[in-house]
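Residue numbers (the working numbering), protein chains in the order written: chain Z, 1 to 83; chain R, 1 to 154.
Because the hints were derived from the structure by calculation, they are not lab data. Be a bit skeptical, because a hint or two may be false.
Computed Cβ-Cβ distance ranges for the label pairs, DEER-style [unchecked claim]:
(1) Asp58/Z / Gln123/R: 51 to 57 angstroms
(2) Gly16/Z / Gly40/R: 36 to 42 angstroms
(3) Gly69/Z / Gly24/R: 41 to 47 angstroms
(4) Pro8/R / Gln17/Z: 17 to 23 angstroms
(5) Gly16/Z / Ala9/R: 32 to 38 angstroms
(6) Gly14/Z / Thr124/R: 30 to 36 angstroms
(7) Ala37/Z / Glu139/R: 28 to 34 angstroms
(8) Ala48/Z / Gly51/R: 40 to 46 angstroms
(9) Glu73/Z / Asp115/R: 16 to 22 angstroms
(10) Asp58/Z / Thr65/R: 22 to 28 angstroms
(11) Gly40/R / Ala37/Z: 45 to 51 angstroms
Note that the Cβ used here is the ideal one computed from N, Cα and C, for glycine as well.
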Amino acid sequence: MDLLYFAWVRERIGTGQEQRDPPEAVVNVADLIDWLATLSPGHAEAMAEPARLRAAIDQKFVALDAPLGSAREVAIFPPVTGG
Amino acid sequence: MIRVSVDPAPIELAVEVAALEERGAGGIATFTGVVRGDDGVTALELEHYPGMTEQALIAIAEAATERWSLLGVTMVHRVGVMLPGERIVFIGTAAHHRREALDACAYLIDRLKTDAPFWKREQTGEDARWVEARAGDVEASGRWNEAENQPFSD
Numbered sequence: 001m002d003l004l005y006f007a008w009v010r011e012r013i014g015t016g017q018e019q020r021d022p023p024e025a026v027v028n029v030a031d032l033i034d035w036l037a038t039l040s041p042g043h044a045e046a047m048a049e050p051a052r053l054r055a056a057i058d059q060k061f062v063a064l065d066a067p068l069g070s071a072r073e074v075a076i077f078p079p080v081t082g083g
Numbered sequence: 001m002i003r004v005s006v007d008p009a010p011i012e013l014a015v016e017v018a019a020l021e022e023r024g025a026g027g028i029a030t031f032t033g034v035v036r037g038d039d040g041v042t043a044l045e046l047e048h049y050p051g052m053t054e055q056a057l058i059a060i061a062e063a064a065t066e067r068w069s070l071l072g073v074t075m076v077h078r079v080g081v082m083l084p085g086e087r088i089v090f091i092g093t094a095a096h097h098r099r100e101a102l103d104a105c106a107y108l109i110d111r112l113k114t115d116a117p118f119w120k121r122e123q124t125g126e127d128a129r130w131v132e133a134r135a136g137d138v139e140a141s142g143r144w145n146e147a148e149n150q151p152f153s154d
């Protein structure tokens with residue numbers, strides 16, 4: 001799946017976009033965050049506090065317990081601060 | 001009648017307001033957000049989620065047109081680097097009567113704050129920090145769910 005990161009999540013990981021194939025046990029966004037944290041020190045730092053993270057699946061905001069289903073694009077980012 | 005724009009270019013108020021006036025409305029309401037220069041902020045950088053941002057703004061605008069009788073809705077958000085005093089966001093509504101225009105304008109900016117994927121990064125001299133989301137923004141957005149017909153009842 002395509003993974004997108006924004007703001008300080010992007011900065012800590014060191015890239016705004018990557019392709020990853022999570023294992024089958026990863027069924028929802030929270031699982032994905034836990035799994036991503038194992039990939040590198042930067043990922044671990046970005047994913048350290050899931051309560052500070054928000055997500056979108058295929059460009060729709062979702063809760064962290066949302067199932068990934070057949071998601072093509074998952075974005076992980078801090079709470080939004082526009083306007 | 002819905003115009004949504006996410007663009008690094010400066011926001012031209014006169015152009016945006018004139019386009020709303022052409023809708024034949026009796027009332028135009030506008031909100032302009034400006035980069036604050038307090039706390040020593042020297043620049044503000046806006047990041048967004050291309051593709052999703054535009055969809056989110058259109059969804060917010062469509063929700064407003066279902067809720068109020070509107071002749072025009074404009075939502076313009078700037079992205080990239082801007083300086084204190086520069087416009088960051090413009091919301092405009094056109095309606096036959098002021099109440100629709102004013103209520104819809106407040107709804108649109110409240111919703112934009114929580115439902116559109118933008119992130120602010122403040123530069124203060126050599127230091128930069130990501131702006132934290134405010135609990136008050138979530139409350140302001142949420143009040144539109146609670147009081148269907150009395151948006152300012154709180």
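Taking the hints in turn, this is what the structure says about them:
Take Asp58/Z and Gln123/R: their Cβ atoms lie about 33 angstroms apart, and the range 51 to 57 angstroms is violated. Between Gly16/Z and Gly40/R the C-beta distance comes to about 28 angstroms, which lies outside the given range of 36 to 42 angstroms. At about 45 angstroms, the beta-carbon gap between Gly69/Z and Gly24/R stays in the expected band of 41 to 47 angstroms. The hint said 17 to 23 angstroms for the Cβ distance between Pro8/R and Gln17/Z, and at roughly 20 angstroms that hint holds.
Judged by the Cβ atoms, the range 32 to 38 angstroms given for Gly16/Z and Ala9/R is violated: they are separated by roughly 22 angstroms. As the Cβ distance of Gly14/Z to Thr124/R is approximately 24 angstroms, the hint placing it in 30 to 36 angstroms is violated. Between Ala37/Z and Glu139/R the beta carbons are some 31 angstroms apart, a value that agrees with the proposed interval 28 to 34 angstroms. Separated by about 28 angstroms at the C-beta atoms, Ala48/Z and Gly51/R break the suggested range of 40 to 46 angstroms.
Between Glu73/Z and Asp115/R the Cβ separation comes to about 18 angstroms, which falls inside the hinted range of 16 to 22 angstroms. Judged by the Cβ atoms, the range 22 to 28 angstroms given for Asp58/Z and Thr65/R holds: they are separated by roughly 24 angstroms. Taking the beta carbon of each, Gly40/R and Ala37/Z are about 35 angstroms apart, not inside 45 to 51 angstroms as hinted.
In this structure, the hints that do not hold are numbers 1, 2, 5, 6, 8, 11, in rising order.
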